[in-house]
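**Q** Working from the sequences, and respecting the hints, build out all of it.
Quick mapping for you: the protein sequence lines, in order, are chains A and B.
The first sequence begins at 6 in our numbering and counts up one residue at a time.
The second sequence begins at 6 in our numbering and counts up one residue at a time.
Calculated directly from the structure, the hints in this document are not laboratory data.
The reader is advised that the hints may include incorrect statements.
[Claimed, not checked] FRET-style restraints, in silico, Cβ to Cβ: (1) B:Glu135 with A:Arg183: 46 to 54 angstroms; (2) A:Ala99 with B:Tyr121: 30 to 38 angstroms; (3) B:Lys40 with A:Thr16: 20 to 28 angstroms; (4) A:Ala99 with B:Ala139: 44 to 52 angstroms; (5) A:Ala139 with B:Gly103: 28 to 36 angstroms; (6) B:Thr16 with A:Pro113: 33 to 41 angstroms; (7) A:Asp116 with B:Gly154: 53 to 61 angstroms.
[Claimed, not checked] In silico lysine-lysine, DSSO-like type, Cα no more than 27 angstroms apart, as pairs: (8) B:Lys172 with B:Lys101; (9) B:Lys101 with A:Lys101; (10) B:Lys172 with A:Lys106; (11) A:Lys101 with A:Lys172; (12) B:Lys106 with A:Lys106; (13) B:Lys101 with A:Lys106; (14) B:Lys106 with B:Lys172; (15) B:Lys106 with B:Lys40; (16) A:Lys106 with A:Lys40; (17) B:Lys106 with A:Lys172; (18) A:Lys106 with A:Lys172; (19) A:Lys101 with B:Lys106; (20) B:Lys101 with B:Lys40; (21) A:Lys101 with A:Lys40.
[Stated by the list, open to error] Here's a subset of chain A near chain B, in silico, CB distances under 10 angstroms, partners left out: (22) Ala8; (23) Gly103; (24) Lys106; (25) Ser110; (26) His170.
Every residue gets a Cβ at the ideal spot worked out from N, C-alpha and C, and that includes glycine.
Number of protein chains: 2
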Amino acid sequence: MRADAQRNIDTLLQTAMAVFATSGVDAPVREIAEKAGVGVGTIYRHFPQRSDLIAAVLRREIDACADAALVLAAEHEPGEALARWMLRYVDFIATKRGLAKALHSGDPAFDTLPAYFRQRLEPALRALLESAVAAGEVRADVAAEDLLGAVASLCMQAYEKGPDHAKRMVALLVDGLRYRASSAAPFSSRSAD
Amino acid sequence: MRADAQRNIDTLLQTAMAVFATSGVDAPVREIAEKAGVGVGTIYRHFPQRSDLIAAVLRREIDACADAALVLAAEHEPGEALARWMLRYVDFIATKRGLAKALHSGDPAFDTLPAYFRQRLEPALRALLESAVAAGEVRADVAAEDLLGAVASLCMQAYEKGPDHAKRMVALLVDGLRYRASSAAPFSSRSAD
DNA sequence: ATATTAAGCGGAACGTTATTCCGTTTATAC
DNA sequence: GTATAAACGGAATAACGTTCCGCTTAATAT
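**A** Laid out in structure tokens, this is it:
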């Protein structure tokens, strides 16, 4: 691959992420091209459909969120790392204005995203969770996938209620995790998908 | 108001309802104008925005569904009237492909619709329900608003599962209503909004 | 260093949509 | 019947996603 092509792809993903965060995923392709300093043709060369660009941005954001878990785990105590990553995850979800609708639009470009989401984020959270449990800082009876789903729901519900509401609810959840730390009850709460 | 204007509005609402039912609410305005035998200008004279037409069609359908309750109550025994109206309500919900997304789009034309929905349908169902309860044909411990919500959820959930699934689930619900008729337990199950 | 070339680029052009505008038609009041 | 204001139709406009193609340039061979 030519160097300028790779450079443009990187610039585009960065620019598109910023534009999607402020204007939502319905932002015009022209606007992204303009802000990135490229022609629309360049976008369509690398992302044949508008939805391909959205999916690529999302995958990159999912990766970044998953990678953040490693960094936080290295820099903080297990419980603190877990708490910080939860807020990081809320930031990730919070900027996804209008994405839920796009996901359900039936566009095949989004077909593999839910699986990718789980594939990347579930192990990341599970690792944080297990460390915190091993350190006796949080209780052992909550599954990573349930936590991911619960927080996503909270963020969606809290969407109209302001930006802080979600963080407060999630903080509450994390406090709940800490409440019965080391209670060693081998009861795994599995529920939603 | 001029007679032709009123005639066109009626024709438009009818045509739009049919088009929305088959092509979804995203059907082009031109298509509706063509099928109604009017120019697009005529549509925009009466419905300044595309969403205004959608909202008007919906209000009309809500009215028709509510009015059907009176007719059914006059023509059938209370229990039968209730059962038939429930299926009528399913028909109403079932043709609303893609409407949930439109409702949540933030378009101000839809702002008053949820309230209108409840205002018209809740009393209609409540009347049927109370008659059936008074006649000893169904149990007394289910609230009209819960029933409306439950059926709407069933229809949305059953959406991908085929057209009959919703009706079977709702029929099951109605049978459940009949199961403990006259059990006179003064327990009002209120839950979702 | 230079020539070659294919990958990559920009943006004009196209197709499809919602929406506006205005010259023409027509229902209504007198 | 005539006047006139309301209503009509559809061409024009605007905003979008997407395609296309002549020009530019990075990579490579010589």
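**Q** Any of the earlier hints contradicted here, and which numbers?
**A** 3, 5, 7, 22, 26
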